[in-house]
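Please model the entire structure based on the sequences and the hints provided.
Each chain is listed here by its residues.
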Amino acid sequence: SQQGEEDPQALSIQEGENATMNCSYKTSINNLQWYRQNSGRGLVHLILIRSNEREKHSGRLRVTLDTSKKSSSLLITASRAADTASYFCATDFKGNNNDMRFGAGTRLTVKP
Amino acid sequence: DTAVSQTPKYLVTQMGNDKSIKCEQNLGHDTMYWYKQDSKKFLKIMFSYNNKELIINETVPNRFSPKSPDKAHLNLHINSLELGDSAVYFCASTPAGTRTGELFFGEGSRLTVL
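Just so you know, the protein sequences line up as chains A and B, in that order.
The opening position of the first sequence corresponds to residue 1 in the working numbering, with each subsequent residue numbered one higher.
The opening position of the second sequence corresponds to residue 1001 in the working numbering, with each subsequent residue numbered one higher.
Since the hints were made in silico from the structure, they are not lab data.
Here the structure is a predicted model, which means the values were calculated and not measured.
One thing to keep in mind: the hints can contain errors.
[To be verified] Cut-off 30 Å, straight-line C-alpha distance, at most; resulting in silico cross-link-like pairs (DSBU-like, lysine-lysine): (1) A:Lys-26 to B:Lys-1036; (2) A:Lys-69 to B:Lys-1022; (3) B:Lys-1019 to A:Lys-94; (4) A:Lys-26 to B:Lys-1040; (5) B:Lys-1044 to B:Lys-1022; (6) A:Lys-69 to A:Lys-94; (7) A:Lys-69 to B:Lys-1041.
Pasting the structure below:
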C-alpha cells in the first residue's frame, strides 16, 4: 500500500518564484525524505528530516514536518528552470527504515 | 562510475513471455530493492533483500521472482508477462545499519508488454 500522498499533483510557476509541495502520510515514522526525479531518470535523494525535527534547510530547500498532522512540506525558494522535475516524499513504513514508501509525487514545472 | 546500474534500460516484449532485469550496485550496500513505477508515477515497493535474504515481499504475484546471488546484485525475473506489468522498474540500495534508509536509485528499466 502507498504511504505518502503529495499535493498538488502538478505545479507550474515562473522562474524566481517559490514552490511549495505537501506530503501526507498514514503511519508513525522515524524519518521522512524528499526525492527528485528528472524525466526518464532515477530518483535522487534531496533531504531527510527526522521525526523529532520540525524544520530543516539545505541550500534553497526548506522542509517542515508536523508529526501531529502526519504531514510535511518542501519549499524550493527562488526556483530555476532546472528545478523542473517530479518531487516525491518517502517515509519509513511503520518505522521500518528498510521499507521506504512513496506517493505519486508532485510534478513541478518552472517556466523561464 | 555508475553506483546502481540496471540492464536493460528498455525492454519491449509480447504477452506471455518471460524476461529478466538485472541490477548491480558498487556502493558496498547490504540492502537492495525493486520498486515499480506505474504510468501515474506511483512508486511502489516490490521486494527488499538484505545480504541476499528476502526481507520484504509486498504482495507481488508469484510470476515475479527476485534473485540475489550476492549482496551487490539483485535480479528480477518475470514469468508469463501481462499487459499490466508494463511499467518502469527501479532498483535501489541502501547502506546496512543505517537509521535513515536513504535510497540510491538506478536509472530504471522501462518494460513494455504488447
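Here is how each hint holds up against the structure:
The straight-line distance between the Cα atoms of Lys-26 (chain A) and Lys-1036 (chain B) is roughly 21 Å, inside the 30 Å bound, and the hint therefore holds. Taking the CA atoms of Lys-69 (chain A) and Lys-1022 (chain B), the gap is about 40 Å. The hint is violated against a cut of 30 Å. Restraint check: the Cα-Cα separation between Lys-1019 (chain B) and Lys-94 (chain A) comes to about 33 Å, which exceeds 30 Å; the hinted pair is violated. Straight-line distance between C-alpha atoms of Lys-26 (chain A) and Lys-1040 (chain B) comes to about 20 Å, which keeps the hinted pair within the 30 Å bound.
Only pairs whose Cα atoms come within 30 Å are accepted, and Lys-1044 (chain B) paired with Lys-1022 (chain B) is accepted, the gap being roughly 18 Å. Distance hint between Lys-69 (chain A) and Lys-94 (chain A) is fulfilled; the C-alpha atoms sit about 16 Å from each other, no more than 30 Å. Of the supplied pair hints, the one linking Lys-69 (chain A) and Lys-1041 (chain B) holds, its CA atoms being roughly 25 Å apart against a limit of 30 Å.
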